[in-house]
Amino acid sequence: MASSSAEAWIERHQQRDLLRFLTAGSVDDGKSTLIGRLLFDTQNLFDDQLAALDSTPDLALLTDGLKAEREQGITIDVAWRYFSTDRRKFIICDVPGHEQYTRNMVTGASHCDLAVILVDARHGVTDQTRRHSLVVSLMGIGHVVVAVNKMDLVDYDEDTYRRVCKEFTEFSARLEVSDVHFIPLSAKDGENVVRPSERMPWFEGASLLRYLESVHIASDRNLIDLRFPVQTVLRAEPDFRGYAGTVASGTLRAGDEVAVLPSGLKARVATVRDPAGEADVVFAGQAAVVTLDTDVDVSRGDVLARPANVPLCTQELEVMVVWMGEEPLRPGAAYLLQHGTNLVPATVMSIQYRTRVRTLRRESDVDALEMNEVGRIHLRMLRPLAVDPYTRNRSTGGLIFIDRSSFDTVGAAMIRDVQPLTSPPPPPAVDAAESQVSRDERCRRLGQDPLTIWLTGLPKSGKSTIAVGVERRLLDEGFASLVLDGSTLRSSLAHDLGFRPQDRREHCRRLANVARLANDAGMITIVAMVSPHADDRELARTIVGAERFVLVHCDAPLETCEARDDSGAFAAARAGEIEEFTGISAPFEVPESADLVLDTAGEPAAAGAIRVVDLVRPRIALDPR
Amino acid sequence: MNDYLLSHLRQLESESIFMMREVAATCERPVLMYSVGKDSSVLLHLARKAFDPAPLPFPLLHIDTSWKFKEMIAFRDATCADAGVDLIVRRNEEAIARGVNPFDLGADEYTRLLKTEPLKAALTEHGFRAAIGGARRDEERSRAKERVFSLRDGQHQWDPRRQRPELWSLFNTRLPREASLRVFPLSNWTELDVWLYIHLEQIPVVPLYFAADRPVVECNGTLVLVDDDRLPIGPGDAVETRSVRFRTLGCYPLTGACLSTATTLPEVIQETIAARTSERHGRVIDHEVDGAMEDKKREGYF
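Chains as they are written, first to last, in our numbering: chain A, 1 to 625; chain B, 1 to 302.
Heads up, a few of these hints could be off.
Stated by the list, open to error - With a straight-line Cα cutoff of 25 Å, these simulated SDA-like cross-link-like pairs (lysine to any residue) come out: (1) K145(B) <-> F407(A); (2) K145(B) <-> T85(A); (3) K145(B) <-> S84(A); (4) K70(B) <-> R177(B); (5) K145(B) <-> N372(A); (6) K145(B) <-> M371(A); (7) K145(B) <-> D41(A); (8) K145(B) <-> G140(A); (9) K145(B) <-> T42(A); (10) K145(B) <-> W80(A); (11) K145(B) <-> E326(A); (12) K145(B) <-> F40(A).
What the hints assert, rightly or not - Residues from chain A that face chain B, not an exhaustive set, calculated with beta carbons under 8 Å: (13) Q14; (14) Q15; (15) R81; (16) Y82; (17) D86; (18) K89; (19) T107; (20) S110; (21) I217; (22) A218; (23) L223; (24) T246; (25) K266; (26) R268; (27) D408.
Said to hold, decoys possible - Covered by chain A, according to a simulated footprint, are these stretches of chain B (three or more residues, beta-carbon under 8 Å): (28) 16 to 23; (29) 28 to 40; (30) 53 to 62; (31) 165 to 172; (32) 202 to 213.
It should be emphasised that the hints constitute simulated quantities derived from the structure, not laboratory data.
Backbone N, C-alpha and C define an ideal beta-carbon position, used for all residues, glycine too.
From just these sequences and the hints, can you work out the full model?
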């Protein structure tokens, strides 16, 4: 090579693109032999790697990595192989075929654009083929190559090959795989792997390598929906403040208007930088730094999007989960979810069904998902996440589960349903019709003069317990009441709210309005809500009406509350995983003029509830009691 | 090129930058393992890009066995002065004073005393919870299965059976008490990718990668550079001046030179393509027993 041609070669190779593909199949399908063949025939193996093997190259041995695996003669984990041709660089993700390792296949598939599924020509589509295809479909891999291997053992017979193709086509119609391509080959003899086969003249398609070199994947990328998850904030002298991250999808240029999620604040992009420096535009896949023209609050975990095209901000999700933990997933269990650059505590609310990987059958009435099982579940997060459906956006539609004590990665999930799960309230009537029922009439009918009992206090100080105790006691005495629990209403009335001061204030405003409506309808309302800010409690008092507002402070020391907590929330807050956690990282303003202070650490809840009822009884009873 | 397409090098570049930013944003006390070789040069270059225009958010750590090539140390000091980075150099002074050398000890024990032990001590002493390194999966068979974010226990040991699954670009950096992370942003790069990128970005590397006339002596089929007078030269050994270069850099007595006339980057790249010997071949340490690298990693070698 003369030096000018060397330069040209280098330039051409610097411009090659990248294809990541997965190979799925069992030891018996000859998968390792196929990979060995690809590496061997494209001359991506070094002499000393060959010399480390026996004199007759067993291609399969080339790809077995760990000593333990060599001893057992099986591959037990995801292995990565690299090779390149003049046209492309390839990354092979080699995953084992046995059923117990579904998790490995899912892991590998999450990185790949294409999957090569090996089928033994003698056996056709097996349970294992079905399993691999399901995972490929679940993981949203758009391109599948069915490599019908061991054609040498069926005398390179065209009919056998056609039968396998037909079998696979029938079965895969039930899956979401759009682009399926079939190639008959023999990995052992190298037929149709790299060089076209002369033994199968009836096959007119390209060899596997040619196909991999030419398959078009560029249009798989999402260049429409701008999603820029902020990784970290870069600060430099004198006053540089840039938001660093990788563009998950879409494009972004200086001058574009963006919305910051979940806050919804808007700003205009001042500059964008790619790894080479300041740029006109940054796009999907690029590491970038963005500066904004106004000083809005942006931090890690926030997502930039176009104001007219935003992901859904939600605290509830429907996902397809693949479980990877040794401890099964069960309803009620709490995990950390990692989504984009966000980490948020979440609880499994329910398991809708389990999908049997072997048969694709759905089973409802499931109380747990074991390792390697796949199912659809309902999650509730402590803070909202900005999400897209996985099928539209792999970056903002996938998430992992982290165990709260070992911090191991125990599951992966694809977001399916991003519709708000609680239906939006109907628009308010502009002209309310005047009621024909008077307040007095309602009170007489119910035999009570309603008011709102507002219970404030630290998390786990006993507010909810007091609230239900009061409700019970009131009913026993003939009064009708309604409990509004601030925490549980976060999934419905306040599902769009987080824990920042402005969210808490909005939460207070909503509950106070509901409390007032209930009072107007004659009901006594008991609100149990942290409501840490004096201003917000004042707002509630104003909305409800001062004459009907009774403030009760559930007073327990922080240590007691923390000791009572079995949800792990305090621990998570201490570890910094939950921000703005009242008592730990956000203040609680002790009320100066509560109507009643309950010692919820020292006094039993039942006694506290009696004291509350004793306090309000004279005010709610129409007849003196 | 504006069809919004990224070449493989630009994809690898952005992915590596993402990984480094994840470390800086989520890990307690990160450090970048700087071993002066070409992979470290690329690593440092990517780290600067990841945080530009802000300064590097972590220090560099170099484990100096005292047997490194003199040119490596000179290059290291020039590079670190130039970048204004915070460099920590760590040596096992006790063992060095004792005269520990690669000739009297087997490669295993030598590596343990002068590399693995001081590395573990430095990580423990500084309380580094995440160490970024330049290892690539294409270097050696056991590395093909290691994660990008690789978990180590309190003794800095690697358990291949207890690796966390890594999905999408969601890197789980949460750690149990005592544990730490090794992070390999160049995992998906090959030797050729590294050279092509060095060429593309014009990244400076130690001159030992380019051929020059150098004094070498042949030991057990390997050409060893006579870098100083500590190299024992037997009566039968002939010191010859030959045109050699290095594909990989480590301790000079343990790093084999290859005969070469490649004095420019394109020539080096040309040789790399033509090479039919994988690059770690020049390193004695992998060859002692089958699965040598895996055993060393279990012990805490980087």
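Quick rundown of the hints versus the structure:
no.: 1; hint: K145(B) <-> F407(A); in the structure: holds (21 Å)
no.: 2; hint: K145(B) <-> T85(A); in the structure: holds (23 Å)
no.: 3; hint: K145(B) <-> S84(A); in the structure: holds (19 Å)
no.: 4; hint: K70(B) <-> R177(B); in the structure: violated (39 Å)
no.: 5; hint: K145(B) <-> N372(A); in the structure: holds (20 Å)
no.: 6; hint: K145(B) <-> M371(A); in the structure: holds (21 Å)
no.: 7; hint: K145(B) <-> D41(A); in the structure: holds (23 Å)
no.: 8; hint: K145(B) <-> G140(A); in the structure: holds (23 Å)
no.: 9; hint: K145(B) <-> T42(A); in the structure: holds (22 Å)
no.: 10; hint: K145(B) <-> W80(A); in the structure: holds (6 Å)
no.: 11; hint: K145(B) <-> E326(A); in the structure: holds (21 Å)
no.: 12; hint: K145(B) <-> F40(A); in the structure: holds (20 Å)
no.: 13; hint: Q14; in the structure: holds (5 Å)
no.: 14; hint: Q15; in the structure: holds (5 Å)
no.: 15; hint: R81; in the structure: holds (7 Å)
no.: 16; hint: Y82; in the structure: holds (5 Å)
no.: 17; hint: D86; in the structure: violated (11 Å)
no.: 18; hint: K89; in the structure: holds (4 Å)
no.: 19; hint: T107; in the structure: holds (4 Å)
no.: 20; hint: S110; in the structure: holds (4 Å)
no.: 21; hint: I217; in the structure: violated (10 Å)
no.: 22; hint: A218; in the structure: holds (6 Å)
no.: 23; hint: L223; in the structure: holds (6 Å)
no.: 24; hint: T246; in the structure: holds (5 Å)
no.: 25; hint: K266; in the structure: violated (24 Å)
no.: 26; hint: R268; in the structure: violated (21 Å)
no.: 27; hint: D408; in the structure: holds (6 Å)
no.: 28; hint: 16 to 23; in the structure: holds (count 4)
no.: 29; hint: 28 to 40; in the structure: violated (count 0)
no.: 30; hint: 53 to 62; in the structure: holds (count 3)
no.: 31; hint: 165 to 172; in the structure: holds (count 7)
no.: 32; hint: 202 to 213; in the structure: violated (count 0)
Checked against the numbered hints listed earlier, the structure breaks hints 4, 17, 21, 25, 26, 29 and 32; every other hint is satisfied.
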